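Colleague: Please put together the full structure from these sequences, using the hints given.
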Amino acid sequence: MDKPVNNRAWFLVLPVLVLVAFSAVIPLMTVVNYSVQDTFGNNQFFWNGLGWFQEVLESDRIRAALGRQLLFSAIILAIEIPLGIFIALNMPKRGFWASLVLVLMALPLLIPWNVVGTIWQVFGRVDIGLLGHTLAMLGIDYNYVNDPWDAWATIIVMDVWHWTSLVALLCYAGLQSIPDAYYQAARIDQASRWGVFRYIELPKMQGVLLIAVLLRFMDSFMIYTEPFVVTGGGPGNATTFLSIDLVKMAIGQFDLGPAAAFSLIYFLVILLISWVFYTVMTVQRDRT
Amino acid sequence: MAQITFDNLAHSYLAAPKADPDWALKPMSLTWRDGGAYALLGSSGCGKTTLLNIISGLLHPSRGRVLFGDRDVTDLPTAERNIAQVFQFPVVYDTMTVRQNLAFPLKNRGLPADQIAARVDAVARMIGMTDTLDRRARGLTADAKQKISLGRGMVRQDVNAILFDEPLTVIDPQMKWELRTQLKALHREFGHTMIYVTHDQTEALTFADEVVVMSEGRIVQAGTPQSLFDAPAHTFVGYFIGSPGMNLLEARVEGATAHVAGVSVPLAAPYATPSGRVQIGIRPDAARPTTGDGLPFRLLRTEDVGHHRILRGEVAGASFNLTVPEDEPIPATFDRITLDPARIGVFVDDWRIEPLERAA
Chain A
1 MDKPVNNRAW FLVLPVLVLV AFSAVIPLMT VVNYSVQDTF GNNQFFWNGL GWFQEVLESD
61 RIRAALGRQL LFSAIILAIE IPLGIFIALN MPKRGFWASL VLVLMALPLL IPWNVVGTIW
121 QVFGRVDIGL LGHTLAMLGI DYNYVNDPWD AWATIIVMDV WHWTSLVALL CYAGLQSIPD
181 AYYQAARIDQ ASRWGVFRYI ELPKMQGVLL IAVLLRFMDS FMIYTEPFVV TGGGPGNATT
241 FLSIDLVKMA IGQFDLGPAA AFSLIYFLVI LLISWVFYTV MTVQRDRT
Chain B
1001 MAQITFDNLA HSYLAAPKAD PDWALKPMSL TWRDGGAYAL LGSSGCGKTT LLNIISGLLH
1061 PSRGRVLFGD RDVTDLPTAE RNIAQVFQFP VVYDTMTVRQ NLAFPLKNRG LPADQIAARV
1121 DAVARMIGMT DTLDRRARGL TADAKQKISL GRGMVRQDVN AILFDEPLTV IDPQMKWELR
1181 TQLKALHREF GHTMIYVTHD QTEALTFADE VVVMSEGRIV QAGTPQSLFD APAHTFVGYF
1241 IGSPGMNLLE ARVEGATAHV AGVSVPLAAP YATPSGRVQI GIRPDAARPT TGDGLPFRLL
1301 RTEDVGHHRI LRGEVAGASF NLTVPEDEPI PATFDRITLD PARIGVFVDD WRIEPLERAA
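Chains as they are written, first to last, in the numbering used here: chain A, 1 to 288; chain B, 1001 to 1360.
Source of the hints: derived by calculation from the structure; they are not laboratory data.
One should not assume that every hint holds.
[To be verified] Beta-carbon label-pair distances, calculated as ranges:
1. A:Asn33 <-> B:Phe1089: 51 to 61 Å
2. B:Thr1141 <-> A:Leu14: 35 to 45 Å
3. B:Met1175 <-> A:Ala173: 54 to 64 Å
4. A:Leu138 <-> B:Gln1115: 51 to 61 Å
5. B:Met1175 <-> A:Phe11: 50 to 60 Å
6. A:Val115 <-> B:Pro1021: 48 to 58 Å
This structure is a prediction, so every number in the text was calculated from the model and none was measured.
Just so you know, even glycine gets a beta-carbon here, dropped at the ideal spot from N, CA and C.
Modeller: Pasting the structure below:
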């Protein structure tokens, strides 16, 4: 089919371009701008090339934070994805109980991040917290302020409490869309419970699982508020994740150049890992 | 394999059914002969699928028992009944290849690998998918998927029965005919009891040795296609089977005469004077146009469908169709019809009654 070529059609794209420019590209470019310059105050800037990038990449402190961040996201995904699937499989399918469970599951998602942090900060305190005090009474030496293991455990449990619902609700939506005939056919074919999960439920959930994995990866990789409220990054640097480190650098020390370079690298790492997840999961699906 | 018996079976989807319409299946007792090819015919929503699901154990009946041979299987789960069932819409296991799909029911029953391979190859030939055995099922077209579903239904040789729930709905007409032939061949070869649900009478009449007609949760008649056509037990059967269906006229029956709209119509035998709503039924090919005496007929239009013509019109305000073979002349003008007395049925409150002599 012949399509008429009219370059004025480009004007139709203009509103979107302007919107994206102001909402994303221009702010990002200011960060790029800072990342290649140095300043000694007085609003005077000097060209610094890739110096800040080199400094950030070679920084042991930031590398350690990246390591902690990767470990944290890995643990979060390893717990929340299977747990979310498990919960979704066991949620009632219809009726009063289904509605009730949906509401209960959605509750943690409705609580603001810093409130979640505060809840767990208080909950885990050894002197007055329900959890901390109970553990202490049981003779368990638990103290998230002093002990790095306890601090990690607290933050992981908090994140699981806060976000597993999201995975469960997404999986539940995926499961609800499976027609009854599939389950009936599986019964006729004498499939085991595992077979039903492996060959019907899991394949049908693949789309929502991809979204769940991406969302949980990105969110956990960018986590800031909750650990900041609970542990402030401590004890020592034990729970200092990338974003906590970045905020310290950008706002605490006002090192604009390194912080900008750090931000860009941070952004690219998230982009890269998300791309890997997406590619691996969709290639798996489209294989014929 | 075994014969399947319904003993006072009834089912309702409601927890506490009260009135008649609450029951999806009204109480019924019926025997499905071992090795029979049955068609279960009826309009949508008459309970056909419910009946199948009760046989396969996907549904537990509200009342009554299901027997396989002498064994009461009412409380047995689907897996232990060893029934194959094919559903109206294709169900395939997306992540598996066609081969794995076909092998799945056999694998779940723990058959040795060489037997599985042999069965899968045989079924693949039957459904014409030998070339696509190693394709993943996800990307296939709807009718290819339905062929896989059919294949999975036919792959087990030791099943008690194979149930088909309108399996050819999504398949194109040419393939439909071919698959139906394959099913018949399969039936001849292995002699499984087969129950084939459909609302398409052609499909039912070509597939089955015996047709079971359902209406509103009730089995109204079971018999050979010919007996259903010649002597429908219920006006629904008369109307549902045959194209066009049986003509029904309000009548008053006295002895061997029916009175329709003031005209006497002779019957083949005397009937006891019935009470209730009386109708006479006559197949379209058992009525003839005439220029002499007969029932007044008003012709509305003529359809030529090849080997016969359909004359659509009215008798005493009720629609009435005649079929006339193409080699038989139709009078240029006629306003009366005659009916073949031997082929008139008498129905009281929709159910067929027999004449006095035969009943005695």
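Colleague: Please go over all the hints and tell whether each is borne out by the structure.
Modeller: Structure-based check of all given hints:
Under the hint 51 to 61 Å, the C-beta atoms of A:Asn33 and B:Phe1089, about 58 Å apart, fit the expected range. Checked against the given bound of 35 to 45 Å, the beta carbons of B:Thr1141 and A:Leu14, roughly 42 Å apart, stay inside it. Separated by about 35 Å at the C-beta atoms, B:Met1175 and A:Ala173 break the suggested range of 54 to 64 Å. In this structure the hint that A:Leu138 and B:Gln1115 lie 51 to 61 Å apart at CB holds, the actual value being about 58 Å.
About 51 Å separates the C-beta atoms of B:Met1175 and A:Phe11, a value consistent with the hinted range of 50 to 60 Å. Against the hinted window of 48 to 58 Å, the Cβ-Cβ separation of A:Val115 and B:Pro1021 comes to about 54 Å, which satisfies the hint.
The structure is inconsistent with hint 3 alone, although it conforms to all the rest.
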